[in-house]
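Can you join these two chains into the complex? Each is in its own frame, and there are hints to help.
Chains as they are written, first to last, in our numbering: chain F, 1 to 292; chain V, 293 to 783.
Since the hints were derived computationally from the structure, they do not count as laboratory data.
All of these numbers come straight from a predicted model, not from anything done at the bench.
Be aware that one or more of the hints could be misleading.
[Said to hold, decoys possible] Pairs of lysine to aspartate or glutamate, DMTMM-like flavour, derived with a Cα cap of 25 Å:
| # | chain 1 | residue 1 | chain 2 | residue 2 |
| --- | --- | --- | --- | --- |
| 1 | F | Lys71 | V | Asp299 |
| 2 | V | Lys539 | F | Glu67 |
| 3 | V | Lys539 | F | Asp256 |
| 4 | V | Lys539 | F | Asp77 |
| 5 | V | Lys744 | V | Asp723 |
| 6 | V | Lys629 | F | Glu67 |
| 7 | F | Lys33 | F | Glu214 |
| 8 | V | Lys683 | V | Asp654 |
| 9 | F | Lys72 | V | Asp537 |
| 10 | F | Lys71 | V | Asp626 |
| 11 | V | Lys539 | F | Asp75 |
| 12 | F | Lys71 | V | Glu705 |
| 13 | V | Lys657 | V | Glu685 |
| 14 | F | Lys72 | V | Asp533 |
[To be verified] Which chain F residues stay away from chain V? Per the calculated CB distances, all over 12 Å, these:
| # | residue |
| --- | --- |
| 15 | Glu50 |
| 16 | Ile63 |
| 17 | Asn68 |
| 18 | Glu94 |
| 19 | Arg159 |
| 20 | Ala167 |
| 21 | Phe168 |
| 22 | Thr169 |
| 23 | Met190 |
| 24 | Glu220 |
| 25 | Leu223 |
| 26 | Asp234 |
| 27 | Ser235 |
| 28 | His236 |
| 29 | Leu238 |
| 30 | Thr244 |
[Stated by the list, open to error] Negatives, chain F to chain V, calculated, CB over 10 Å:
| # | residue |
| --- | --- |
| 31 | Ser9 |
| 32 | Asn186 |
| 33 | Lys217 |
| 34 | Leu253 |
Quick reminder that beta carbons are idealized off the backbone N, C-alpha and C, glycines included.
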Amino acid sequence: MNSNVSSGSVVLACVDQSAYASHVTDYATWAAKRLNIGLDLLHVIDRNPELAPSQDHSGSIGINEQENLLKKIVDEDERRSREARESGRRFLNELRLRALSLGLEAVDMRQRHGGLVDSLLEYQEGTRLIVMGRRGESSGTTERDLGRNLERVVRALNRPILTVTDAFTEPKRLMIAYDAGRAARNALDMVCTSPAFQGVQCSLVMVKNSESREAPKQLEQALHRLEALGLTADSHLLIGDFETMMTRSIKELQIDLLVMGAYTHSPWRSLFMGSHTTDLLRASRIPTLLLR
Amino acid sequence: MKSLYQDWFSNVRNDLLAGLVVALALIPEAIAFSIIAGVDPKVGLYASFCIATVIAFTGGRPGMISAATAAMALLMVTLVKEHGLQYLLAATVLTGVLQIIAGYIRLGALMRFISRSVITGFVNALAILIFLAQMPELINVTWVVYAMTAGGLAIIYLFPYITRAVPSPLVTIVVLTVVSLVLDLDIRTVGDMGDLPDSLPFFLIPDIPLNFETLRIILPYSLTLMVVGLLESLLTATIVDDLTDTKSDKNRECVGQGVANITTGFIGGMAGCAMIGQSVINIKSGGRGRLSTLSAGIYLLILVVFLGDWVSMIPMAALVAVMIMVSIGTFNWDSIKNLQHHPKSSSIVMVATVLVTVLTHDLAKGVLVGVLASGFFFAAKVGRILAVRSKVEDEGRQRAYVVTGQVFFASAEAFINAFDFREVIDKVTIDVSRAHFWDITAVSALDKVILKFRREGTETHVIGLNEASATMVDRFGVHDKPDAEDKIISH
Numbered sequence: 001m002n003s004n005v006s007s008g009s010v011v012l013a014c015v016d017q018s019a020y021a022s023h024v025t026d027y028a029t030w031a032a033k034r035l036n037i038g039l040d041l042l043h044v045i046d047r048n049p050e051l052a053p054s055q056d057h058s059g060s061i062g063i064n065e066q067e068n069l070l071k072k073i074v075d076e077d078e079r080r081s082r083e084a085r086e087s088g089r090r091f092l093n094e095l096r097l098r099a100l101s102l103g104l105e106a107v108d109m110r111q112r113h114g115g116l117v118d119s120l121l122e123y124q125e126g127t128r129l130i131v132m133g134r135r136g137e138s139s140g141t142t143e144r145d146l147g148r149n150l151e152r153v154v155r156a157l158n159r160p161i162l163t164v165t166d167a168f169t170e171p172k173r174l175m176i177a178y179d180a181g182r183a184a185r186n187a188l189d190m191v192c193t194s195p196a197f198q199g200v201q202c203s204l205v206m207v208k209n210s211e212s213r214e215a216p217k218q219l220e221q222a223l224h225r226l227e228a229l230g231l232t233a234d235s236h237l238l239i240g241d242f243e244t245m246m247t248r249s250i251k252e253l254q255i256d257l258l259v260m261g262a263y264t265h266s267p268w269r270s271l272f273m274g275s276h277t278t279d280l281l282r283a284s285r286i287p288t289l290l291l292r
Numbered sequence: 293m294k295s296l297y298q299d300w301f302s303n304v305r306n307d308l309l310a311g312l313v314v315a316l317a318l319i320p321e322a323i324a325f326s327i328i329a330g331v332d333p334k335v336g337l338y339a340s341f342c343i344a345t346v347i348a349f350t351g352g353r354p355g356m357i358s359a360a361t362a363a364m365a366l367l368m369v370t371l372v373k374e375h376g377l378q379y380l381l382a383a384t385v386l387t388g389v390l391q392i393i394a395g396y397i398r399l400g401a402l403m404r405f406i407s408r409s410v411i412t413g414f415v416n417a418l419a420i421l422i423f424l425a426q427m428p429e430l431i432n433v434t435w436v437v438y439a440m441t442a443g444g445l446a447i448i449y450l451f452p453y454i455t456r457a458v459p460s461p462l463v464t465i466v467v468l469t470v471v472s473l474v475l476d477l478d479i480r481t482v483g484d485m486g487d488l489p490d491s492l493p494f495f496l497i498p499d500i501p502l503n504f505e506t507l508r509i510i511l512p513y514s515l516t517l518m519v520v521g522l523l524e525s526l527l528t529a530t531i532v533d534d535l536t537d538t539k540s541d542k543n544r545e546c547v548g549q550g551v552a553n554i555t556t557g558f559i560g561g562m563a564g565c566a567m568i569g570q571s572v573i574n575i576k577s578g579g580r581g582r583l584s585t586l587s588a589g590i591y592l593l594i595l596v597v598f599l600g601d602w603v604s605m606i607p608m609a610a611l612v613a614v615m616i617m618v619s620i621g622t623f624n625w626d627s628i629k630n631l632q633h634h635p636k637s638s639s640i641v642m643v644a645t646v647l648v649t650v651l652t653h654d655l656a657k658g659v660l661v662g663v664l665a666s667g668f669f670f671a672a673k674v675g676r677i678l679a680v681r682s683k684v685e686d687e688g689r690q691r692a693y694v695v696t697g698q699v700f701f702a703s704a705e706a707f708i709n710a711f712d713f714r715e716v717i718d719k720v721t722i723d724v725s726r727a728h729f730w731d732i733t734a735v736s737a738l739d740k741v742i743l744k745f746r747r748e749g750t751e752t753h754v755i756g757l758n759e760a761s762a763t764m765v766d767r768f769g770v771h772d773k774p775d776a777e778d779k780i781i782s783h
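This is chain V alone, in the form it adopts within the complex (with noise of 0.2 Å):
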């Protein structure tokens, strides 16, 4: 009950003046990844006003907002192109299936494994695709197009050294259009790029066949998708957390996330997720409850459904000049910067993420690289916490070895390096009591050193491995016993 209230009418003023602000910079972007996947504008300008109203209620991230995005549209180019708009309703159907079941399983949780260098690569990949995707409007066009947008943006960014009271990105948008009709110019318009929504939504069943071929048709979109859609929102959602020091429920937002995305593809919207720039913009006009989303997707469609005439008048560079300044808003500049300065290992990761997201258009397969790259420099850095220190003992006829540290297959080698088996010893020992054995390479490391002093005809003893190998069970945990701490610190 508390928080019910708390989360839609706390901050109700500040709430509806906020989403106002957010539902213009929604519009651009719908119209402008309708396009990109390949569709009508009134598909995206359909989906921002379902996922915002319905995620308003279902998320687990108040003030959060969410709507058709860059990363999702980039991702159905080629479903769009080969099997047209029904499958991609029923793909977007899917996607939310799928995001409900990974609520449910709180798959959310695996968001820990990505580092922040990952992230940041994941927001400027973001970034550069929001301003590689107003690309087609800004390539073999007149120079009235750049003087328009140029000028757009100047308004956006001047502006509000005027005043903050007015949206600048709608005075962008009305100046340009009165600019072009006054002028009569001879520029691409939003009315150019499609159907604009001429009603309300209504209800619809994807026109598919319910068969086998179809699910394999689909499915790999939709995972993609899902995944896409689910690590931008948990991202977003930390993001808005850090901004308002407030909790959000991460599994509550993934199914919420899934219910918004079904509801889209039963009214013919495609796919969406939150989006970074327009949270942030809400916060930064105030915007803190669910009042801020809801109101936000409703101005959307009014503004879309009941100005609609007015709307196809706009001018493409109007709308271009609002998403640049979305990618402007949403890269991260300091990491360039930082780029000096961070670990070499962190930079790579973060650039990586970037140029395969970039290449691919996939913000999947770039966030798995980051990963992937940020595990292996991660195992390689633990991998040198090992010593293997030894002396000499009962007149040089045998060695006793200690070993500390982290054994595990990214430092096995070293391990094994570490003995010298050409030594002409009786007896060998191996104090491994104040080392850590990870896995099974690290046990068959030991295995073959002990092999190899065999060999030698070196009489071997192993002490301590219990203790060392105490971290090979998988479930693992500090927590679990009262004196682990103390033992893991002592070694």
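Excised from the complex, chain F in its bound form (with noise of 0.2 Å):
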């Protein structure tokens, strides 16, 4: 398929200096063999100059207090800045060597300073899939079991996400958790069309409050598109709670990728709402496939 080397495209993996940067890579270089197209490792430094360091609250201010004050803090970022960056250049090499010993052949590394969704647009045009981890560096001092960033980054950006918590185990069973609404289609073409998919056993799974006529059909006209094209794939119907059928599922059918739509809904409903993308995100430990 000559669309899928296209040059310029590659798989850019998002990593922190977390212990999910190793499983981020793991799986990035799993995608990028399959798409036969580079990889990308991004590492962004973010000063979030929306938080202070400061400890000092004397509350008094002496003379020349605006240029010391400036100074300070300008000491305090460089110090910052330069140790991120260097410590982030080893790191970014060590997951280089990963990747290289996983028999991938094109690995660039990429340092960014600013916010995490800012570098990744900018760096949308040229890549096929991202990857990342669904928790980062600050997550284990925060309390939150999803990365705060993961929600502004998919919702940012119209690219493919993968995202991964566990170590890497080479996805044989696939599901894709359909509601025949826009983006569930858009994830149905995109495992109907991706070499990454040819040769994983494919489960369609659809999960209703109630009984409904429409969804046996819908059910069945997705199972032929994907037998259609040869992949080996089977259909369920699940009536229930989604986040409790969903998980349920996923473990009696042993799935281990499963590939969704993500946050359909305005960000003001899963304020109030919650969103089933979150949900399930927190209640599986699966690599997730995002698509917007």
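Here you go:
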């Protein structure tokens, strides 16, 4: 397939200095090999200017306070950025060697200053797939079980994003969370056309709150599409709570890669009503490919 | 969504602590400047509470502190004296309306005409005004007050060497209050200065006749208040931008200041704006988000309303000490040293801004003088970029002039004087294709030159006038045309 080897198109692995970085690299390497394209390792150095390191509550301001304060803050930022850059280079290089040892040939390293989302927006043009950890550096200290970057990244970008939590196992059984919506149909298209999924056993799963007349038909159509392309596929229509039913069938079918449309509703709705995507990403630990 | 969360909740612990530190510096300022403006301390305290809390939501610069300020209070003195508090409240509301308009028509863009020297002058003038405002508390008083103030300053600057966990202004206030109570000193306290807030603020409509006469009275005040409020706010926003290396939305800040002032007018507070000193304290204490501003306002209200009886016992000397600290921290001390090194023109601009402000108590006038002066100096400097060279041709019967550089009102005379009209020649060519004619003055100067040559009977040819006068169009900009940049540089 010609379009898949198009030049400039790479798998972009977002890594930070957490244990997840090696898992991310492994999955990204797998994807790059399957898609027969290069891998870029991206490390974003975010100074987080919205955070203050200060512990000084003396509240007194003396002669040339503005200049002194500016100098102090700049010095501090300089020191931290330098450290981040140097150690970032070291661990990026380790990850690069890791990817090379797994048999990949084209592995590049990139470092960017700024926020993760902004950096990804710059790079998404030449990117085929983004791989990132569901949690990162900061998740050890915060109580959040889903990295704070994930939802923002998924919402901001229009590339497929593979999110991982655990160590690499080669995906053999794939599940598409199918609701016949636009994002889910996109997901189906992608599975159908991408060389990454050839030879993978595919399960279509649809969860409904109640009996529906439409659902079996929609599921049937989707199944036909997969089978027509020569993929081995099965379908399951389940009634009940989305999160419970999904996690249960992931276990029962021994799924090791989930594909789903993500964050199809507005951010306000997910703020008040919660989001299927977030719930499922929290509940299950298998790698999940998110599509918008 | 992203920035909404980031603006509010990314720095919660530090924001809440910094807010408390800032609130302690806001109280003395609010009280001191209510007194300057000639109103009860509660007017300034309500204003500070209200402006800080409203601007936390509406402002364009997270982490910046706004409240009742020196710059604004000084502009209200005569209004309060001649017409009373109600007119001040009305003027405050009108100021807010004007600021919202200014925000929508993007007046903030005019800030780029304010040079570094004017800004330094503004900051220094402000510091001096804050200091001078403490004078009534320091003149004709007993030695006890001096001792208390000096002791207060000593605590403020020395206590941080012991610990930086507790705000030293708070220690100063507590210690001086305890000392004055224990020794039963006969010195002025906050309670002597007028009413303190005894309840939460409530909505009220300024009690004024709604007619043209009222507008005629308050409009001039509101206009100046608008200008000064926005100047100090945008200037402070830039300072906070630099300190935190983040961007602010200047037009949103203008509108936000307007909304804050309208609200404060309706709950009986005086107009205010952003404060340089307190914003620096906030950043230094670790405040970055909107929560720091909001919490500063709320702490302030809690402190004053619920601890009002205690607040009224604070000796004025303690507040004077805190305000002297703010004044010292606001002043740009390097600028004094720089007077020797910087170009004379920028030093003159800076000093002129300071002098006019201190003499008139009006920062708007100071800035106006500063901007005008820097404009003059700039025009004079650029006017010197002009050269007229010539050479004789055709055995002395012809002369070719080549003009390079900038021709405009400031250099037009030099341009005319560069030609030799006494020379007896047949023909003159003036090549202006490598000059820029910026305005009508430049063109009429060229006309004058041509006329003068004609009167001597000399035939005159001008070359390249179209290229030279391309700059006369009002919307002239290098970015418009792809090759314009090369043309400018090649001149």
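Verification of the supplied hints:
Among the hinted pairs, Lys71 (chain F) with Asp299 (chain V) is consistent with the structure: their alpha-carbon atoms are about 24 Å apart, no more than 25 Å. In summary, the hint linking Lys539 (chain V) to Glu67 (chain F) is supported, as the alpha carbons are separated by about 19 Å, within the 25 Å threshold. Between Lys539 (chain V) and Asp256 (chain F) the CA atoms are separated by roughly 44 Å; this puts the pair beyond 25 Å, and the hint is violated. Proximity of Lys539 (chain V) to Asp77 (chain F) is assessed by CA-CA distance (about 17 Å); at most 25 Å being required, the pair is judged to hold.
Proposed proximity of Lys744 (chain V) and Asp723 (chain V) is supported: the alpha carbons are some 17 Å apart, at most 25 Å. With a C-alpha separation of about 14 Å, the suggested pair Lys629 (chain V) and Glu67 (chain F) falls inside the 25 Å cut-off, and the hint holds. Between Lys33 (chain F) and Glu214 (chain F) the alpha-carbon distance is near 39 Å, which puts this suggested pair outside the 25 Å criterion. Straight-line distance between C-alpha atoms of Lys683 (chain V) and Asp654 (chain V) comes to about 55 Å, which puts the hinted pair past the 25 Å bound.
For the hint pairing Lys72 (chain F) with Asp537 (chain V), the CA-to-CA distance comes to about 13 Å; that is within 25 Å, so the pair holds. A C-alpha spacing of about 14 Å is found between Lys71 (chain F) and Asp626 (chain V), which places the hinted pair at or below 25 Å, so the restraint holds. Of the pairs offered as hints, the one joining Lys539 (chain V) and Asp75 (chain F) holds, with about 20 Å between alpha carbons and a cut-off of 25 Å not exceeded. Pair hint Lys71 (chain F) plus Glu705 (chain V) does not hold up; C-alpha atoms about 47 Å apart against a cutoff of 25 Å.
For the hint pairing Lys657 (chain V) with Glu685 (chain V), the CA-to-CA distance comes to about 55 Å; that exceeds 25 Å, so the pair is violated. Taking the CA atoms of Lys72 (chain F) and Asp533 (chain V), the gap is near 15 Å; set against the 25 Å cutoff, the hint holds. The Cβ of Glu50 (chain F) sits about 4 Å from the closest Cβ of chain V, inside the 12 Å cut-off, so the non-interface label is violated. Distance check on Ile63 (chain F): its Cβ comes as close as 5 Å (rounded) to a Cβ of chain V, failing to clear the 12 Å threshold; non-interface status is violated.
For Asn68 (chain F), the shortest C-beta to C-beta distance to chain V comes to about 9 Å, within the 12 Å cut-off, and the non-interface label is violated. Non-interface status of Glu94 (chain F) relative to chain V is upheld: no Cβ of that chain comes within 12 Å, the nearest being about 30 Å off. With a cut of 12 Å on Cβ distances, Arg159 (chain F) stays outside the contact zone with chain V, its closest approach being about 18 Å. Once the 12 Å rule is applied to beta carbons, Ala167 (chain F) is consistent with being away from chain V; the minimum gap is 31 Å.
Residue placement check: Phe168 (chain F) keeps its beta carbon more than 12 Å from all beta carbons of chain V (closest about 31 Å). The claim that Thr169 (chain F) is not at the interface with chain V holds, since no C-beta of that chain comes within 12 Å of its own (minimum 33 Å). Distance check on Met190 (chain F): its Cβ is at least 27 Å (rounded) from any Cβ of chain V, clearing the 12 Å threshold; non-interface status holds. No beta-carbon of chain V is positioned within 12 Å of the beta-carbon of Glu220 (chain F); the least distance is around 38 Å.
Against chain V, the non-interface label of Leu223 (chain F) holds: every CB pair exceeds 12 Å, the least being about 37 Å. Every C-beta of chain V lies more than 12 Å from that of Asp234 (chain F), the closest at about 38 Å, which supports listing it as non-interface. With a cut of 12 Å on Cβ distances, Ser235 (chain F) stays outside the contact zone with chain V, its closest approach being about 36 Å. The Cβ of His236 (chain F) sits about 34 Å from the closest Cβ of chain V, beyond the 12 Å cut-off, so the non-interface label holds.
Distance check for Leu238 (chain F) against chain V: the nearest CB is about 32 Å away, which clears 12 Å, and the non-interface claim stands. At roughly 28 Å, the least C-beta separation between Thr244 (chain F) and chain V is larger than 12 Å, which holds for a residue marked as non-interface. Look at Ser9 (chain F): its CB is around 28 Å from the nearest CB on chain V, clear of 10 Å, so calling it non-interface holds up. Listed as outside the interface, Asn186 (chain F) is consistent with that label: its C-beta sits roughly 23 Å from the nearest C-beta of chain V, beyond the 10 Å cut-off.
The Cβ of Lys217 (chain F) sits about 37 Å from the closest Cβ of chain V, beyond the 10 Å cut-off, so the non-interface label holds. Distance check for Leu253 (chain F) against chain V: the nearest CB is about 35 Å away, which clears 10 Å, and the non-interface claim stands.
When each numbered hint is compared with the structure, violations occur for hints 3, 7, 8, 12, 13, 15, 16 and 17.
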